[in-house]
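Listed in order, the protein sequences are those of chains W, X and D. Heads up: the first sequence begins at 0 in numbering that gives the first Met the number 0, then just goes up one per residue. Heads up: the second sequence begins at 0 in numbering that gives the first Met the number 0, then just goes up one per residue. Heads up: the third sequence begins at 0 in numbering that gives the first Met the number 0, then just goes up one per residue.
Simulated from the structure, these hints should not be mistaken for lab results. You may find that some hints are simply not true.
Since the list can't tell identical chains apart, any single copy or any two copies may satisfy a pair.
Here are the simulated lysine-lysine pairs, DSS-like style, with alpha carbons at most 27 Å apart [claimed, not checked]:
no.	residue 1	residue 2
1	K29	K8
2	K29	K131
3	K64	K29
4	K120	K64
5	K131	K64
6	K98	K64
7	K120	K9
Bear in mind the structure is a predicted one, so any value in this text is a computation, not a measurement.
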Amino acid sequence: MEFTVSTTKKQELVDITHQVEEAVAKSGAKEGLCNVYVAHATAAIAINENADPNITLDIIDALDKTVKESGWRHDCIDNNAAAHIKAAIVGPSETIPVKDGKLRLGRWQGIFLCDFDGPRKRTVAVTVIKTK
Amino acid sequence: MEFTVSTTKKQELVDITHQVEEAVAKSGAKEGLCNVYVAHATAAIAINENADPNITLDIIDALDKTVKESGWRHDCIDNNAAAHIKAAIVGPSETIPVKDGKLRLGRWQGIFLCDFDGPRKRTVAVTVIKTK
Amino acid sequence: MEFTVSTTKKQELVDITHQVEEAVAKSGAKEGLCNVYVAHATAAIAINENADPNITLDIIDALDKTVKESGWRHDCIDNNAAAHIKAAIVGPSETIPVKDGKLRLGRWQGIFLCDFDGPRKRTVAVTVIKTK
Numbered sequence: 000m001e002f003t004v005s006t007t008k009k010q011e012l013v014d015i016t017h018q019v020e021e022a023v024a025k026s027g028a029k030e031g032l033c034n035v036y037v038a039h040a041t042a043a044i045a046i047n048e049n050a051d052p053n054i055t056l057d058i059i060d061a062l063d064k065t066v067k068e069s070g071w072r073h074d075c076i077d078n079n080a081a082a083h084i085k086a087a088i089v090g091p092s093e094t095i096p097v098k099d100g101k102l103r104l105g106r107w108q109g110i111f112l113c114d115f116d117g118p119r120k121r122t123v124a125v126t127v128i129k130t131k
Numbered sequence: 000m001e002f003t004v005s006t007t008k009k010q011e012l013v014d015i016t017h018q019v020e021e022a023v024a025k026s027g028a029k030e031g032l033c034n035v036y037v038a039h040a041t042a043a044i045a046i047n048e049n050a051d052p053n054i055t056l057d058i059i060d061a062l063d064k065t066v067k068e069s070g071w072r073h074d075c076i077d078n079n080a081a082a083h084i085k086a087a088i089v090g091p092s093e094t095i096p097v098k099d100g101k102l103r104l105g106r107w108q109g110i111f112l113c114d115f116d117g118p119r120k121r122t123v124a125v126t127v128i129k130t131k
Numbered sequence: 000m001e002f003t004v005s006t007t008k009k010q011e012l013v014d015i016t017h018q019v020e021e022a023v024a025k026s027g028a029k030e031g032l033c034n035v036y037v038a039h040a041t042a043a044i045a046i047n048e049n050a051d052p053n054i055t056l057d058i059i060d061a062l063d064k065t066v067k068e069s070g071w072r073h074d075c076i077d078n079n080a081a082a083h084i085k086a087a088i089v090g091p092s093e094t095i096p097v098k099d100g101k102l103r104l105g106r107w108q109g110i111f112l113c114d115f116d117g118p119r120k121r122t123v124a125v126t127v128i129k130t131k
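One chain only, chain W, in its complex shape (with noise of 0.2 Å):
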């Protein structure tokens, strides 16, 4: 199951989660693994809080501080060098359990796609593997 995600800024942490549970309820798994996957270069999955959305600014503001925004070799082809280092580093993709027909989230988990070359329309798949 694929779905697509439109950001609106450079950089954003678009909250998927409610897409994520639903492909779970589809796949009528009540148990197993849901393995959620961003087929972009310069996106990447993250799992964190949603209930204060400061947290994903404040994540966006800590990667800025780690990889400066200009100065890389890639940025002579397209400069978005550091939209791909961000992305290595946070990855592409987050394995979650499945249990009771439910992401076993933690009660402050939410799942995020993150942008970090938008705006553009972003690709996810997810993938449940059933056990039960």
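Once you've looked at the hints, dock chains X and D against the given chain W.
Okay, now just chains X and D, sitting in the frame of chain W:
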């Protein structure tokens, strides 16, 4: 299968390799995948050397140097933004192959629960997908 | 299925997409998940663009700027703490969906073995979970 770990420090990497190996043994799987997932937004799962305990301290120091302790937006809420950011970077899970009924870890690899906002009681879920 | 990669530099990202694709083809899976795992504590698996080889150099540079080369506790043992820390941050595995018998990579995504303490011979395990 789930188990809990009670951390004793503000920041700590706790070796949970033994508990995960036990879960794999109980599953009866000979081949497949083992997902280790921590259901908290200020904790993470990492894999690294467990022979020299100083490595866990070095990893904490490196993350401290990368993510400053205070001055984040979310600190106004509950003063643990740095822990959330570290958890997002390291990630809440690892997925490890199972081979001949055991985790296919390298000689120097152990599995660690990383607590960035302890001391707390943390829940870890182990999910084994059996292909043989 | 396992294969080895002989790296030639101290730090290097080696494109292993082809070897992983081959393992997926051999598995006969049409749909499912493919886990790529490196069984070493100073190496990692990353996914990023493989069209411009400069990106791999930019990623190494960014990690070098984030994790200083020396001055860590573990350096007293075998002088490679920075490599361990980078491996812990990037992580030893990636899990990628399989669709229509192929890896569901984005157009600009390739799979890389990251060696942070080479040159060495590294073992990579590929595990395919077949749902169809």
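Hints and how they fare:
1. K29 with K8: neither (36 Å within a copy, 36 Å between copies)
2. K29 with K131: Classified as both; 5 Å inside a copy, 18 Å across copies.
3. K64 with K29: neither (41 Å within a copy, 42 Å between copies)
4. K120 with K64: within (26 Å within a copy, 31 Å between copies)
5. K131 with K64: Result: close neither inside a copy nor across copies, 44 Å intra and 44 Å inter.
6. K98 with K64: neither (37 Å within a copy, 37 Å between copies)
7. K120 with K9: within (12 Å within a copy, 37 Å between copies)
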